[in-house]
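Trainee: Per this note's numbering, residue 2 is the first one in the sequence shown, and the count goes up by one each step.
No lab work stands behind these hints: they were computed from the structure. Computed from a prediction, not measured in an experiment: that's the story for all the values here.
Dumping the calculated EDC-like pairs for lysine to aspartate or glutamate here, alpha-carbon to alpha-carbon at most 20 Å:
| no. | residue 1 | residue 2 |
| --- | --- | --- |
| 1 | Lys51 | Asp138 |
| 2 | Lys32 | Glu112 |
| 3 | Lys51 | Glu143 |
| 4 | Lys175 | Glu143 |
| 5 | Lys51 | Glu179 |
| 6 | Lys141 | Glu179 |
| 7 | Lys32 | Glu143 |
| 8 | Lys175 | Asp138 |
| 9 | Lys32 | Glu11 |
| 10 | Lys32 | Asp5 |
| 11 | Lys32 | Asp110 |
| 12 | Lys141 | Glu50 |
| 13 | Lys175 | Glu131 |
| 14 | Lys175 | Asp154 |
| 15 | Lys141 | Glu131 |
| 16 | Lys175 | Glu50 |
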Amino acid sequence: MTYDLHGSWEAVTGLNSPLYPAAEESGNARKLNQQAAVQVWRAGGAPAEKLNLGIALYGRSFTLSSGDTGLRAPTSGGGTPAQYTQEAGYISYYEICSMLSSGATRVFDTEQKAPYAYLGNQWVGYDDAESIGHKIDFLKQEGLGGSMVWAVDLDDFSGQFCNQGRYPLMNLIKGRLEMGVFNASDARETVLLSLV
Numbered sequence: 002m003t004y005d006l007h008g009s010w011e012a013v014t015g016l017n018s019p020l021y022p023a024a025e026e027s028g029n030a031r032k033l034n035q036q037a038a039v040q041v042w043r044a045g046g047a048p049a050e051k052l053n054l055g056i057a058l059y060g061r062s063f064t065l066s067s068g069d070t071g072l073r074a075p076t077s078g079g080g081t082p083a084q085y086t087q088e089a090g091y092i093s094y095y096e097i098c099s100m101l102s103s104g105a106t107r108v109f110d111t112e113q114k115a116p117y118a119y120l121g122n123q124w125v126g127y128d129d130a131e132s133i134g135h136k137i138d139f140l141k142q143e144g145l146g147g148s149m150v151w152a153v154d155l156d157d158f159s160g161q162f163c164n165q166g167r168y169p170l171m172n173l174i175k176g177r178l179e180m181g182v183f184n185a186s187d188a189r190e191t192v193l194l195s196l197v
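Please work from the sequences and hints to get the whole structure.
Mentor: Quick look at the structure:
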């Protein structure tokens with residue numbers, strides 16, 4: 002499992018599933034990323050082809066307690082429960098799409114290769130087409146067996162929220178696993194493939 006690496010149990014914002022560590026992180030904080038998790042398993046003798054990279058189709062949300070909207074901003078707890086998932090600190094990808102279409106600001110952290118978004122005092126770290134593309138590239142370069150997701154019903158299963166068709170992230174993962182290395186410029190042009 003390479004997600005739930007940060008969440009409302011912490012007093013500051015953090016990405017749910019960063020691919021790499023941030024330069025300013027030290028100690029155990031440098032281990033809370035997907036690259037470090039893979040390295041631990043590999044160092045313990047696990048064959049790369051037996052490892053699957055976990056990809057979250059949801060985000061971990063926070064309520065900001067100051068005007069700071071960046072990474073490691075102070076928080077007062079989990080984000081407000083969203084309309085459908087109805088759990089503080091936990092929001093589906095399709096609800097994140099609604100947040101973005103309501104005017105949320107999206108920021109992509111180029112160091113950790115994952116996005117976050119904020120709207121008012123609500124903040125969420127999540128995965129989208131761009132970050133998933135980097136993750137699929139990483140798992141291919143590492144020779145991992147594949148990927149797994151949590152959970153299919155957290156993707157835009159109806160196609161009504163993200164304007165990217167039904168199951169946009171699942172289709173992206175499937176397509177990227179079948180294709181060559183990720184090109185960041187392709188991330189905004191999600192290719193929708195049929196789920197088999």
